[in-house]
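Trainee: Here's the letter readout for the chains.
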Amino acid sequence: MAERDARIDRLLLGQEIADFLYREAELLDERRYREWLDLLADDIRYWMPMRRNVKFGEDEREFTRADSDINWFDEGKDTLSRRVKQIETGIHWAEEPRSRLSHLVANVQLQGAEPSFAAPQQVSVTSRFLIYRNRVQTETDILVGRREDSLRRNGAGWLLARRKIILDQNVLLTKNLTFFI
Amino acid sequence: MSMNGAMNGRRGYRSGLVNLGVGEISREIFVNEDIYAEEQERIFARAWLHVGHESQIPKPGDYFVSSMGEESVILCRDRAGRIHVFLNSCRHRGMKVCRYDEGSTTVFTCPYHGWSYGTDGRLVGVPYFREAYHARLDKEKWGLVEVAQLCNYKGSIWATWDTAAPTLTEYLGDFTRFLDLQLDGWDGREGQAEVLGGIQKWLVPCNWKFPAENFSGDTYHNISHRSVDLAGIGPSGAGRRDMGERDASRKLHVCIPDRGHQTILYVLPAGRLPPPAYMNAPIVAEYFRHCEEERRRRRGDESRLIGAPGEIFPNTALLSRQPRTMAAWHPRGPHQTECWRWFFVDRDAPTEVKQFLRDYYIRYSGPAGMTEQDDMENWNYAHAASRGTIARRHPYNYDQGRGTAVADYEYQGLRVPGEVIDLTEVQSSEQPMRNFYRRWAEFMEADDWSQLATWRVGERKAAE
Amino acid sequence: MSAPINVRDLVPGTSVVLADGAVAEIVTNPGDGMWLFARYLTSPSDPTLVGQEEMIFAPDVVALGRSAVV
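Here the protein sequences line up with chains A, B and C, keeping their order.
Position one of the first sequence corresponds to residue 582 (this note's numbering), numbered consecutively onward.
Position one of the second sequence corresponds to residue 5 (this note's numbering), numbered consecutively onward.
Position one of the third sequence corresponds to residue 508 (this note's numbering), numbered consecutively onward.
Be careful, since some hints might not be right.
Some chain B residues judged to face chain C by a derived CB distance under 7 Å, without partners named [what the hints assert, rightly or not]:
(1) T113
(2) H117
(3) G118
(4) P131
Restraint-style ranges between C-beta atoms, simulated for each label pair [claimed, not checked]:
(5) A:R615 x B:D305: 47 to 57 Å
(6) C:G572 x B:H96: 29 to 39 Å
(7) A:R733 x B:Y224: 41 to 51 Å
(8) B:K63 x A:K658: 52 to 62 Å
(9) B:G85 x C:G572: 28 to 38 Å
(10) B:H294 x A:D590: 50 to 60 Å
(11) A:R591 x B:R97: 49 to 59 Å
(12) B:G85 x C:V569: 15 to 25 Å
(13) A:L592 x C:A570: 50 to 60 Å
(14) B:G65 x C:A570: 21 to 31 Å
(15) B:R97 x A:L592: 49 to 59 Å
(16) B:H398 x A:V717: 13 to 23 Å
(17) A:R615 x B:H398: 36 to 46 Å
These are calculated hints, taken from the structure and not from any lab test.
Even for Gly, the Cβ is constructed at its ideal location relative to N, Cα and C.
Model the full assembly from the supplied sequences, consistent with the hints where possible.
Mentor: Here is the structure:
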């Protein structure tokens, strides 16, 4: 019974976290950026490294490092808020007219919960994304990759405390990253 | 002007497609496939191109795969410590000998048939050399194709395929001091720059000349960046950057004729230090305050020069202040550019300063950069709207400030070289673009460097 | 024909036996899986190679000899 209870705890938590990620994706697709910002912890770290083509066995060279190297994103809530503010000016031409976005979130896997799956305060979760971005008349970008997230309990809900985005590209194939991943 | 007329005889670049006399340039030069093909021969095969920085290849065996024009090249340091730039293509059957971005190696081995080259480019390994080649292959003749000239200028590595090209220093001419602003220390010491890890690379659907002319000194498009000014990403919390040093200065367009290099430049009044900046971080603000004092102590009047966007012909962009970055605009067909960005800090700057600057660079520049994003939207759709039959009949207007440049500009005792327009009151000009495209047309028409190195005629006459 | 050997990760100091019966000791391994820089220890078919450092092509390595103590 105890084992079954533990599995149910994990199952329920997994679904709760997946629902959080789907709701987050929906907010972004619907351009409800202020509500999306409210899902972010004040001390969030939002990081998307760049990737290099490296020799077999030299994996330590593949990703640019947080804090010291140039990355695609490596920032906190203040900068993320300014990005939203920029879109909301209505004159951020790179995102005006606005893109049509669909965030597909898949392969959601609960990696761990502290202190327990039954009463979690912090959760780590991975997922994969496929973001379809269509813009103006025929501009289309598809970005695919993986996210490693850390969520923190906030009352009955959750806040995103940390996101590492691993994009499956080397040379960025889209001219801009005016959207959130 | 028919394309045949442009391609034959005098090609018609200077007399038709680039018509500086009335300040008009044909859209053809951005969208025409034949002109693009000519550019690869006449410009990218002959000019000096920026390849990388020595701090990317600190030790023997280190390499960084870069690009010169359309072509992949390997920047590497050989066992003896010498720097080379090679075409990334096996001499046997062309396969890329290195498909990694960077690393360290003893040899570059081709995966196709196993030919192997040392980091000095020499062909050292040939399978079945004694058997299949009967030891008759002259390995000395079949090393990796090396650039004709290479120059390490204060750490930045430049190369050209043209043996007849002037040296880099001669190629830069009076523009050298503006490259110095990029590479020298903030405190005025020579050549202190290092490149931060991570070179941004991204594709934009536009001709390479759109970003090239933007960085030549487009002072007119500030309005396009209004949204980032409103968002306030500057290092003191407002706007796009700290404006104090610019607001206190004369604002200039500086064009080096004969070379095709140009820049926006700010010049402080005599005896004036730049106002406080980087106010979001007291440690950083204090660091830069100290640097500015040291710079004035070391460089005197020269320290009044404040760098801003500039372009070295054909496709290297500079920006030596906020943010401190260089870019290369690699042609990928007439309708696409692969942009590469290097970001600089002084190598002995404190960690907090480097981190602060790095955060700023990321939110300013590149495809996730809140400023540069709007530039790329403009380049993308300006190009797209210029491809049609009707659009191509209507030239672009490059008339702004035509005929107003002076050749002897001086501000409170500081002479500025080249043809200069003081923009402080007039706000903007398009002199840098006219300077860039004049040089572009010269390259497209010139048979050789005797026709391009026009400054030598003047020097010869002066000597006589 | 002997089974292929992946020479990519062989450490310097390892001995390799070559197709012509020679034995060589790896000096440098460029890690490309195609070549080794090795010094000939024995070379029955061409004694002048003994003591010489040469580039050995991977298919010529038919067996491993003494491995280096890492």
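Trainee: What hint numbers does the structure not satisfy?
Mentor: The structure conflicts with hints 2, 8 and 12, although it agrees with all the remaining ones.
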